[in-house]
Amino acid sequence: MSLATATAVYAQGQAGTRGAPSAQAAAPVDLTGYWESLVTDEDWVYRMVTPRPGDYAGVPLKPNGLQVMAAWDPAKDTAAGEQCKSYGAPAIMRVPEHLHITWQDAQTLKVETDAGEQVRLFNFVPSTAAAQAPRTWQGYSVAEWEFQRQGAGRGPGKAVWGALKVTTSNLKAGYLRKNGVPYSEKTSVMEYYDPVQESNGDGLMIVSSFVTDPVYLFSPFVTTDNFVKLPSAAGWKPSACSAMW
Amino acid sequence: MASNQLRLRVRGMAARGMAFVIALIFTSLALLVEPQVVVAQEVDLSGSWTSPPTNNVLEVYEGPFTDDWTGMPLSAAGRALAQSWSAGALAEPERTCQLYGQWKYMTFPFEIKIWPSNGGPTDQIVAWNLQKAEDEGGMKIWMDGRKPPSKYLDYSRGAFTTGHWKGSTLIAETTHLKMAPARNNGGYYSDRSTLTSTFIPHGDTLIMVFDLNDPVYFTQPYVYSRVWTRATRPASTAWPPCIVNYEGVAEGVVPFYLPGKNPLLNQMMQLFHVPEYASEGGAQTMYPAFRDKLKADYLKLYPTFPKQCTQYCTNFRGQQAAGNIPQPSASPAAKSGRRKPQSKP
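Top line first, the protein sequences correspond to chains A and B. Note that the working numbering gives residue 176 to position 176 of the first sequence, counting from 1, and the numbers run on in steps of one. Plus 1000 on top of the position in the second sequence (first one is 1) and you've got the working numbering.
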């Protein structure tokens, strides 16, 4: 058996071409449904509770980022209506929460969170106009499928598995952690959504995030977050953004 | 009558023969168009892989606090073991090398080297090998469909692992695990555990997912994931083997704490204001609903935090402030008794 790189990409342009299947029809995996955070590692103290003021362990923060972090004032953020600063796309998958993933249309995957009641739209057909709209907490996301194939030695083979790759930009500046560890509006986020199966048969989704910020970070802030698939909406508990908790 | 029957028989044979020839032609054409052997499209995982020091930094780089079992699905037995555990146990001759189990491929900071083993008449890949710069016994993922050895075999740190491809994802199943820490503060898994490892390649990025199932010390699987990227330099795997030596604890002596007598169960409260019902772990601490339980207690104490964090607050030992992502040092902090392996005599 020869070795070959088997990951193929459902190119963004392909989704819009005549005759090509929609992103929904071409999906190699089904990510839709309800998911719940599974917080199993020692980053627990940065995720399940509000981190200590000034604690940025693990974040490759530049000195100018330290100054911004030192000025963190949750009361001030709340008064300014900016209590969602720690719920932006670079941080939202780290928040312990439930996700509800649905197809908004055949080319757009929608991810809703109960924590902070955020909505992310993953666009398989990029739009220049939308990408240049005013900045938001969730920014503008472009999505593509990565296919993993299995089949005969010649030809592309049958797609048996895959992952979702999402690239997000056009963000409002916010916090990587609740305690004011900052990211700037020049930040971009690249994420992989990989479904796997847990040993007890439960569905799992691993979200790997690469947060790049030329202003406040020396190097990408790379993390993984685990989600377990739920059979229903049980546990879905919408809550407004909170600057303190 | 007889000649009619003979004609019919000959006609039947001719029809069957024609059908056979047609089937043969189609089969040959199909074979020409596409081989019939269905195989996964494997990915070459070989090389050196490094993990950015940004995920799970406390455990991977600094070592866990003595009472931090947050996010671990410990059973009552697992919790009792963890709370009675003393780091001095690792100085027992029987346990000197216990630290180095297969789980450490996920949680130790060092780079991983992966390479294939070839064999058989066609020199195909029969196994994938993982090795780190410590003596975990290696992880050899057999791809040749071999059966596991007897469960009565003496288990080694290398355990026994088989794998298969699903698309370009490698899924490995490990049995015959020796008892070892899943967290270096007494959070153990037993020798009845099984480990499912998933290796998901995305170009020069490799996502590893470990799923540890232990019917003794866990109430549900312990899932852990981490990102690796191709290293620009070869991984060093040249550490000496773990050798049992005298480390101040005589054979037969077992350092431990009696229930309720462990003086080190308040670090999480002192440093992070995390109450004991959270720091002692358990499956309930892994889910968002647990935040609701914590909220009132935690926020009541939050105003008592100093304005600036004073301990374990920076990125990896502050060295990134210089603009570098350093490789971890060979001797991570030993807050919970993490120790270097013995040098060769």
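To be clear, the hints were calculated from the coordinates, so they are not data collected in a lab. Virtual Cβ for every residue (Gly too), placed ideally from N, Cα, C. One thing to keep in mind: the hints can contain errors.
So the derived list for chain B, only partly shown, Cβ under 10 Å to chain A, looks like this [claimed, not checked]:
#, residue
1, Thr1169
2, Thr1205
3, Asn1213
4, Arg1226
5, Cys1242
6, Glu1251
7, Tyr1312
Pairwise CB distance ranges (calculated) [said to hold, decoys possible]:
#, chain 1, residue 1, chain 2, residue 2, range
8, B, Gln1270, A, Ala70, 53 to 61 Å
9, A, Ala240, B, Ser1150, 54 to 62 Å
10, B, Pro1241, A, Thr78, 53 to 61 Å
Tested hints:
no.: 1; hint: Thr1169; result: holds, 6 Å
no.: 2; hint: Thr1205; result: holds, 8 Å
no.: 3; hint: Asn1213; result: holds, 5 Å
no.: 4; hint: Arg1226; result: holds, 6 Å
no.: 5; hint: Cys1242; result: violated, 24 Å
no.: 6; hint: Glu1251; result: violated, 33 Å
no.: 7; hint: Tyr1312; result: holds, 6 Å
no.: 8; hint: Gln1270(B) <-> Ala70(A): 53 to 61 Å; result: violated, 23 Å
no.: 9; hint: Ala240(A) <-> Ser1150(B): 54 to 62 Å; result: holds, 58 Å
no.: 10; hint: Pro1241(B) <-> Thr78(A): 53 to 61 Å; result: holds, 57 Å
Hint check: violations occur at hints 5, 6 and 8; the rest are consistent with the structure.
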